[in-house]
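Trainee: One-letter residues, chain by chain:
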Amino acid sequence: MPSFNFVFITILGCGVVTWLSRVIPFILLKKFKMSRTLTEFLSFVPLAIMAALWFESLFVQRLGHFPQINLGNLLASVPTVLSAFLSKNLLVIVVVGIISLAAIRFFLSV
Amino acid sequence: MNAQLTPKAAFQETLPTVFGYLGIGIAFGVVGQAAGLSTLEILLMSLLTYGGSVQFVIISMLLGHSALLPMLLSTFLINSRMILMSMTIAPYFKNESLFKNLWIGSLLTDETFALGMNKTNSTAGQLNFAWFNTSNLIAYFAWAVASLLGAFLGNFVASPQELGLDFALVAMFIGLLYLQIISDQVLQVSLQLAVVTFVLVLTYLGLIFIPANILILVITLLGCGFGVIIKHAFF
Numbered sequence: 001m002p003s004f005n006f007v008f009i010t011i012l013g014c015g016v017v018t019w020l021s022r023v024i025p026f027i028l029l030k031k032f033k034m035s036r037t038l039t040e041f042l043s044f045v046p047l048a049i050m051a052a053l054w055f056e057s058l059f060v061q062r063l064g065h066f067p068q069i070n071l072g073n074l075l076a077s078v079p080t081v082l083s084a085f086l087s088k089n090l091l092v093i094v095v096v097g098i099i100s101l102a103a104i105r106f107f108l109s110v
Numbered sequence: 001m002n003a004q005l006t007p008k009a010a011f012q013e014t015l016p017t018v019f020g021y022l023g024i025g026i027a028f029g030v031v032g033q034a035a036g037l038s039t040l041e042i043l044l045m046s047l048l049t050y051g052g053s054v055q056f057v058i059i060s061m062l063l064g065h066s067a068l069l070p071m072l073l074s075t076f077l078i079n080s081r082m083i084l085m086s087m088t089i090a091p092y093f094k095n096e097s098l099f100k101n102l103w104i105g106s107l108l109t110d111e112t113f114a115l116g117m118n119k120t121n122s123t124a125g126q127l128n129f130a131w132f133n134t135s136n137l138i139a140y141f142a143w144a145v146a147s148l149l150g151a152f153l154g155n156f157v158a159s160p161q162e163l164g165l166d167f168a169l170v171a172m173f174i175g176l177l178y179l180q181i182i183s184d185q186v187l188q189v190s191l192q193l194a195v196v197t198f199v200l201v202l203t204y205l206g207l208i209f210i211p212a213n214i215l216i217l218v219i220t221l222l223g224c225g226f227g228v229i230i231k232h233a234f235f
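Protein chains in written order, with the working numbering: chain D, 1 to 110; chain B, 1 to 235.
Hints listed in this document are in silico derivations from the structure and should not be mistaken for laboratory results. All figures in this text were calculated on a predicted structure; none of them were measured in a lab. Every residue, glycine too, gets a C-beta built ideally from N, C-alpha and C. Check the hints yourself; a few may be wrong.
Quick list of in silico lysine-lysine cross-link-like pairs, DSS-like style, CA-CA up to 30 Å [claimed, not checked]: (1) B:Lys100 <-> B:Lys8; (2) B:Lys94 <-> D:Lys31; (3) B:Lys94 <-> D:Lys30; (4) D:Lys31 <-> B:Lys100; (5) D:Lys30 <-> B:Lys100.
Which chain B residues stay away from chain D? Per the calculated CB distances, all over 12 Å, these [as the list claims (entries may be wrong)]: (6) Ala3; (7) Thr123; (8) Phe141; (9) Leu149; (10) Leu179.
When you get a sec, could you build the whole thing from the sequences and use the hints?
Mentor: Here you go:
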């Protein structure tokens, strides 16, 4: 691992980069109004991001080849989705998810 | 979720997501410790970079003796989805001061973003500073505490994965996605399902060509575009 100074500069630099991505839209939108098309485009962001983050976890990437299925996460997703249907409660969903994957790893060792 | 935009409501509604932060934060601490970062460095990265998955990437690049610039570039690419989320959230705070806007933006995360968007479905499209700031602060502190905890646990736990904690975040995305679909007041369910299916196909195919971390942004952009097009064509 590199020296503390280098690690610290990295942490700080990456922090600034992330921070700028977070705040620049707030500054710009304080001054400018978004067009209707852009607003409509952005209305799909929550849906698309959440779905992408979930689906990405269901596969194991092998660049240049079709991805492999991440069996543990795929199987654990089933009771998790079911608990979402039944409970509509985020806490229940998260707890069911954690227990599901732990149980699957325990019994199937995937 | 209820219609109240108070700190108390925010506290109750953010609490379930804390499990997600704890799971991944602890995993981050353990990984950082195993990679040879000091406890202080782990804590500083969680407090200053505050980037979720990007922090894991930085650790692996540090291990590979990467130069600074590639790490900054990777951080930008992975976290550029923050730009989209900030753009989506910012209009709700247009009447607040610039400082409050910057403050909300500074601590925005995937999860508080999704929670906030879910919240607007039960508040007739409203968000306020008190609610969002509370949610953001809980997330920020949970992440920092979890990272510290992981750094300490790293001495004892060989593989935190066995506990299933790494699935907490995925479960949270599933929950937030489902709640978003059933409560969205504007977009029809069938339209949303079409976009989700499109995203699934694109994820599978995209993983062949594009590194996973950057793929999220590409797919989000394409998914939104697809949504707009079919909304006008069929809905």
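Trainee: Hint by hint, note whether the structure agrees.
Mentor: Hint check:
Restraint check for Lys100 of chain B and Lys8 of chain B: the C-alpha separation of about 19 Å stays at or below 30 Å, so the hint holds. Our distance criterion of 30 Å between C-alpha atoms is met by Lys94 of chain B and Lys31 of chain D, whose separation comes to about 9 Å. Proposed proximity of Lys94 of chain B and Lys30 of chain D is supported: the alpha carbons are some 6 Å apart, at most 30 Å. A hinted pair counts as satisfied when its Cα atoms are at most 30 Å apart, and Lys31 of chain D with Lys100 of chain B qualifies at roughly 15 Å.
At roughly 11 Å between alpha-carbon atoms, Lys30 of chain D and Lys100 of chain B fall within 30 Å of each other, so this suggested pair holds. At roughly 16 Å, the least C-beta separation between Ala3 of chain B and chain D is larger than 12 Å, which holds for a residue marked as non-interface. The non-interface label for Thr123 of chain B is consistent with chain D: the shortest C-beta to C-beta separation is roughly 15 Å, beyond 12 Å. Even its closest Cβ contact with chain D, about 17 Å, leaves Phe141 of chain B beyond 12 Å, as expected for a residue assigned away from the interface.
Taking the minimum C-beta to C-beta distance to chain D, about 16 Å, the non-interface status of Leu149 of chain B holds against the 12 Å cut. A cut-off of 12 Å between C-beta atoms contradicts the statement that Leu179 of chain B is not in contact with chain D; the least separation is 7 Å.
Violated hint: 10 only; the structure is consistent with all others.
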